[in-house]
Amino acid sequence: MAGKIVLCRCEDVTLSDLEHSVSRGYRDIEEVKRYTGFGTGPCQGKECLAVVALQLARITQQHPSAIPPFTSRPPLAPTPLKLLAKDPGAHRFADETDEGED
Amino acid sequence: MRLSGSSVRAYADESIAAASIACGSRVLSRSLKYHRPRTFFCFEGHCSGCLVRLGGVPNLRACQSPCTPGAEVEGQNAFPSAEIDLLGAVDFLFSRGMDHHTLMTGSSVLNKLANKVVRQLSGLGKLPTHAAAELPEVGRFDVDVCVIGGGPAGLAAASTTARAGRRTVLVDDQLRPGGSMRTDPRVGRALAEHYGAETVRTGVAVLARSTAIGFFPEDDGGVLAVSAPDRLYRIYARHWIWATGGYVVNLPFPDNDRPGVLAARAVGRLLVDHGILAGERVCIVETPAMEQDVTALAQALTGAGADVTRVPLADVVGTRGRGWITAIDTKRGKLDCDLVAVAATPAPASEGARQQGCSVVLDEHAGGFKIVTDDAGRTSTANVWACGDVTGYQGPAAAAADGARVGANVVEAG
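Taken in order, these protein sequences are the chains called A and B.
Just so you know, we're using the working numbering here: the first sequence kicks off at 1 and counts up by one.
Just so you know, we're using the working numbering here: the second sequence kicks off at 1 and counts up by one.
For the record, the hints were derived by calculation from the structure and aren't laboratory data.
These numbers were taken from a predicted model, which means no experiment stands behind them.
Don't take every hint at face value.
Computed far set for chain B versus chain A, every beta-carbon distance over 12 Å [to be verified]: (1) S6; (2) R36; (3) K112; (4) D173; (5) P185; (6) G214; (7) D219; (8) S227; (9) V248; (10) L251; (11) V311; (12) A353; (13) Q355; (14) A376; (15) V411.
Short, incomplete list of chain A residues facing chain B, as computed with Cβ under 7 Å [said to hold, decoys possible]: (16) P42; (17) R58; (18) P64; (19) T79.
Glycine is no exception: its CB is placed at the ideal position from the N, C-alpha and C atoms.
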């Protein structure tokens with residue numbers, strides 16, 4: 001290991017990655033997410049969103065309350081797709097899909 | 001059960017993660033980019049540390065999967081094994097970090113080669129061996145009150161609304177309800193069991209091992225999708241109470257992701273809920289805000305026979321160990337240890353409430369994005385309430401009182 005300070009363990013995003021992102025001009029939380037990939041792994045930000053947001057406030061010298069969270073999207077936890085297969089909502093767009101199956 | 005080919009004896013009601021750590025198993029998988037070793041951190045199903053392949057199905061959380069006789073558990077994301085992973089060389093080759101946006105983009109030939117390599121390196125687990133044998137039907141609940149989270153706040157809130165005659169369903173994602181009570185030596189397993197049983201007795205429908213995976217406002221006036229182990233539920237409610245507590249998080253210090261660095265609450269859970277002392281020489285890395293919680297944990301660990309040293313975050317300069325932690329480096333020198341417990345203020349689990357449009361605000365003392373509520377516990381969205389640590393960290397006793405109070409306000413609101 002090489003002294004990395006890891007902020008997001010799912011995607012291996014380090015404090016220096018965050019600093020690099022800010023130095024390239026990506027300093028909005030959504031931009032940082034897209035540039036570094038933090039919060040896009042299996043935990044979907046449970047472990048890293050607050051940590052990255054607080055570090056971002058410090059690095060960009062903003063009050064924490066000025067930093068919004070990134071958009072929360074389902075599913076909020078790893079979910080086996082078979083659970084969704086019979087939900088009525090899963091077939092809402094059935095007519096738009098290819099009927100033929102392998 | 002069988003863990004990476006070896007037989008492991010385990011208790012029937014414990015998680016695969018608890019059984020694994022009790023038998024000395026360490027590294028389970030490798031991280032996505034640098035292939036750094038990964039293993040347990042939170043023991044509450046919220047980090048990605050303990051993803052394993054179980055019975056041919058990838059990416060299952062070992063800490064939320066109960067032990068079953070003959071279960072086949074394998075590590076994933078490593079070649080040839082999680083303990084000795086050749087792809088770990090990426091970590092040394094890119095010791096100062098890898099910017100994948102500019103990696104080998106100078107030449108189109110090199111870029112194609114890099115893409116091939118990166119595709120081999122990345123991705124999580126391998127597809128299941130078999131397709132699902134059957135597809136489960138979707139269940140449905142129409143209730144007066146839906147409580148999300150079965151910790152001290154959620155159990156108290158749900159019991160309160162059910163006692164007042166409100167049809168109440170409680171969704172909890174853990175193996176057993178109790179939340180942070182199962183991790184705190186000041187509360188303990190017996191009290192968690194008691195409150196869990198009491199909640200069932202008041203008539204609450206308790207969905208254990210069930211996770212609120214999304215709120216869909218456009219669907220019949222709003223539906224909460226909940227994944228249970230055997231099926232999906234659609235939940236419709238007149239009132240929603242978010243009592244999801246907080247997620248344990250790591251603290252920023254060099255090599256803070258080394259295996260053997262666990263959340264302090266995970267170390268507490270192993271001791272309080274499972275009777276497992278995860279280390280003999282424990283270093284607790286702490287922030288001033290967690291002083292009281294750490295004092296309680298340190299006393300319990302010492303009482304169980306561990307040698308405990310407390311280190312302020314500001315003093316930590318690094319960690320050592322191959323495969324598992326052997327020491328941390330501090331400003332005052334090297335401290336040998338076989339476990340590091342990180343005590344940071346838990347981050348409010350507010351992302352579900354955010355899907356219902358509830359306002360949140362980033363607050364360092366609250367641990368992260370706390371749900372904003374008025375004095376009664378109302379959020380910024382009508383008929384949506386919040387109580388306990390998700391409104392800012394308060395600890396199990398205060399969270400239980402808050403849950404009972406907000407539950408009563410929900411009853412009063414109709």
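Hints and how they fare:
Non-interface status of S6 (chain B) relative to chain A is upheld: no Cβ of that chain comes within 12 Å, the nearest being about 26 Å off. Once the 12 Å rule is applied to beta carbons, R36 (chain B) is inconsistent with being away from chain A; the minimum gap is 7 Å. Here K112 (chain B) stays apart from chain A, with its beta-carbon at least about 22 Å from theirs, past the 12 Å limit. Separation of D173 (chain B) from chain A is inadequate, the least Cβ-Cβ distance of about 7 Å not exceeding the 12 Å criterion.
With a minimum CB-CB distance of about 23 Å to chain A, P185 (chain B) clears the 12 Å threshold, and the non-interface call stands. A beta-carbon of chain A is positioned within 12 Å of the beta-carbon of G214 (chain B); the least distance is around 2 Å. Taking the minimum C-beta to C-beta distance to chain A, about 7 Å, the non-interface status of D219 (chain B) is violated against the 12 Å cut. A cut-off of 12 Å between C-beta atoms contradicts the statement that S227 (chain B) is not in contact with chain A; the least separation is 5 Å.
Not every CB of chain A lies more than 12 Å from the CB of V248 (chain B), the least distance being 8 Å, so the non-interface label is violated. With a least CB separation of 8 Å from chain A, L251 (chain B) falls inside the 12 Å interface cut-off, contrary to its annotation. V311 (chain B), annotated as away from the interface, keeps every beta carbon of chain A farther than 12 Å; the closest lies near 16 Å. Interface exclusion of A353 (chain B) from chain A breaks down, the closest Cβ pair being 9 Å apart, not more than 12 Å.
At roughly 5 Å, the least C-beta separation between Q355 (chain B) and chain A is not larger than 12 Å, which violates its mark as non-interface. No beta-carbon of chain A is positioned within 12 Å of the beta-carbon of A376 (chain B); the least distance is around 22 Å. Every C-beta of chain A lies more than 12 Å from that of V411 (chain B), the closest at about 28 Å, which supports listing it as non-interface. The interface hint given for P42 (chain A) is met, as the beta carbon of that residue sits about 4 Å from the closest beta carbon of chain B, less than 7 Å.
With its C-beta approaching chain B no nearer than about 10 Å, R58 (chain A) sits outside the 7 Å limit, and its interface hint is violated. Checking P64 (chain A) against chain B: minimum C-beta separation of about 4 Å stays under 7 Å; hint holds. About 5 Å separates the beta-carbon of T79 (chain A) from the nearest beta-carbon of chain B, less than 7 Å, and the hint is met.
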